[in-house]
Amino acid sequence: MSSEPLLSVRHLTKHFPVTRGVFGRRVGAVRAVDDISFDLWPKETLGLVGESGSGKTTAGRAILRLIEPTSGEVRFAGRDLAALSAAELRQQRREMQIIFQDPYSSLNPRMRVRDIIGEALRVHGFAKGDALEAQVRELLAKVGVPGAFSSRYPHEFSGGQRQRIGIARAIALNPKFIVCDEAVSALDVSIRAQVINLLIALRDELSLSYLFISHDLSVVKHISNRIAVMYLGQIVELADADQLFRNPAHPYTRSLLSAIPLPDPRHRQARVVLEGDVPTPLNPPSGCRFHTRCPAAFERCPQEEPELIVLGANHTTKCHHADGLEGNDAWFEELDRRITKQEELNRAKAAASSQPAPAPAQQSQARPRRTAAAPHSQPHSEAARDKPRHLARACVLAGLLAVVLGLWLLGAALVLAAYVIAIRKNLERPLPADIGIFAALVLALLVSDAVKSQSAQTRARHELNALAQHIEAYRTAAQSPPNSLTELGWRLYEIFPDGRPTDPWGRLYTYDPPSPDRDGRISSEGPSPDRKDDLVVRIPP
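Residue 171 in my numbering sits at position 169 of the sequence shown; the count goes up by one each step and never skips.
The set of hints was computed from the structure by calculation and includes no laboratory data.
A couple of the hints might just be wrong.
Unchecked claim - Computed Cβ-Cβ distance ranges for the label pairs, DEER-style:
#1 D104 <-> T21: 25 to 31 Å
#2 H126 <-> L403: 33 to 39 Å
#3 R28 <-> A261: 56 to 62 Å
#4 Q94 <-> K130: 20 to 26 Å
#5 D37 <-> S220: 27 to 33 Å
#6 S160 <-> A350: 29 to 35 Å
#7 Y106 <-> R349: 43 to 49 Å
#8 S288 <-> A414: 43 to 49 Å
#9 A452 <-> D82: 37 to 43 Å
#10 E207 <-> A150: 19 to 25 Å
As the list claims (entries may be wrong) - Cut-off 35 Å, straight-line C-alpha distance, at most; resulting in silico cross-link-like pairs (DSBU-like, lysine-lysine):
#11 K144 <-> K130
#12 K454 <-> K389
#13 K45 <-> K144
#14 K343 <-> K389
#15 K130 <-> K223
#16 K223 <-> K389
#17 K144 <-> K343
#18 K45 <-> K178
#19 K130 <-> K178
The model shown is predicted, which means the values in this text are computed figures rather than measured ones.
Backbone N, C-alpha and C fix where the C-beta goes; we use that ideal spot for every residue, glycine too.
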């Protein structure tokens, strides 16, 4: 084994921000990966195991910079990946590849296999033309797929064959390091064994190093040299594969190992059943993150976060029970005694605090009693509390839409409904801020409408003055006023290019010419009643 690690990860962290409100205010962060450190040596396979949601896939993608880490350092062959430019990272990706979990969605259904595998070879300038086709066929043969199938599309292959194509794509550029992200979890058991043996053969033939992410411990034991156990974004135990299965140090590791099914039905092992689900990474528990489900938790666990303890060669753990056992050759026996003693003490306390069971006759008629919500049920209670918040926010947005459409009364009613919901459900921020933003937007709409109205009135006034001037000019030239607007001819067209004289609200401009009285004089009476809805332009005689 080389004296220097191929991959060195130090304090890697990836937090996904949680935002709320119209302007996306950050109110928290999902701590998917929270300060993990490990080394990976050349030609080594490091297994990364844990329950769903523990952060395994996020860690693998952050190492490859498929997603940008929040903090931490990742060094590959001595180079800091975070300091690489886009062009340098593109060149570095020749040596770092990934095999995705789903062989159905990881292959482009519109591309032939020769294009899927040959794309990386063509982009990086490894081969082209006939040499590219020959190299693609060679890669397919290496992973167990006939080279004549290179002209087929992904939908023409089975699931195992698709995953082999994904493996061929990953090894096309002769990389040194591959992240296997649940590479066999979507395959049948028989096909899974074939793919695992293929990965082992390729590792030995091409001198590859794997970060093998999985939740199947039996598969991880078969392929891995060392195993890291993740729980809620942290590595709680790291050891050689044989040592981890023989002497597990962390209670979480013990519970995972107890769930492995044995192929012999005559042998049974004691199960360590964990109660509840993994807590939310949005608000992880204080102290040891496993204490809410640990059967051996004691007073120190929720108060202090455990430090990394080195129990032996290549074996580390984060557990308060292991405190003081560093360098002790008999650490496992002492640790097993501490954990077993605390588990028995916790069971005795639970039995003493439990209520006596009701009589059988009363038990059938008694209603099921509601117990206090466990820590793992916190996400469900948060979801229940968020329902009125979402309803109030929907009312605010609907009210804004109603105001934009001119339905002022409906908009005011919806905003009032949002206030009622906020008061009755005692909602905290950011809902009041959202309602304040809504009020500011409504005010902006009112001001804008008033400015538009004033501008329209000014425009109508200018148009009336211009029309009156044209009528006066016509009367001066013709020595008589026009009988209608159409007599103005091109002058009227200059003012109203569309040929239809209307004001900004669509009302017609009309002309009421002066009419002679009985003595032949021109009077200045107002317009007739049937023109009261129009704008009348009158020139005094």
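Hints and how they fare:
1. D104 <-> T21: 25 to 31 Å: holds, 29 Å
2. H126 <-> L403: 33 to 39 Å: For H126 and L403 the Cβ distance comes to about 51 Å; the hint is violated.
3. R28 <-> A261: 56 to 62 Å: violated, 38 Å
4. Q94 <-> K130: 20 to 26 Å: holds, 22 Å
5. D37 <-> S220: 27 to 33 Å: Distance hint for D37, S220 holds at roughly 29 Å.
6. S160 <-> A350: 29 to 35 Å: This hint is violated: roughly 54 Å between Cβ atoms.
7. Y106 <-> R349: 43 to 49 Å: holds, 46 Å
8. S288 <-> A414: 43 to 49 Å: holds, 45 Å
9. A452 <-> D82: 37 to 43 Å: violated, 59 Å
10. E207 <-> A150: 19 to 25 Å: holds, 23 Å
11. K144 <-> K130: The given pair, whose Cα atoms are some 20 Å apart, holds under the 35 Å limit.
12. K454 <-> K389: Roughly 39 Å separates the two Cα atoms, so the pair is violated.
13. K45 <-> K144: holds, 19 Å
14. K343 <-> K389: Status violated; Cα separation ~44 Å.
15. K130 <-> K223: The given pair, whose Cα atoms are some 40 Å apart, is violated under the 35 Å limit.
16. K223 <-> K389: Not satisfied, since the Cα-Cα distance of roughly 44 Å exceeds 35 Å.
17. K144 <-> K343: Violated, at roughly 53 Å.
18. K45 <-> K178: Holds, at about 8 Å.
19. K130 <-> K178: Judged against 35 Å, a Cα distance of about 23 Å means the pair holds.
Hints 2, 3, 6, 9, 12, 14, 15, 16, 17, counting from the list given before, are not met by this structure.
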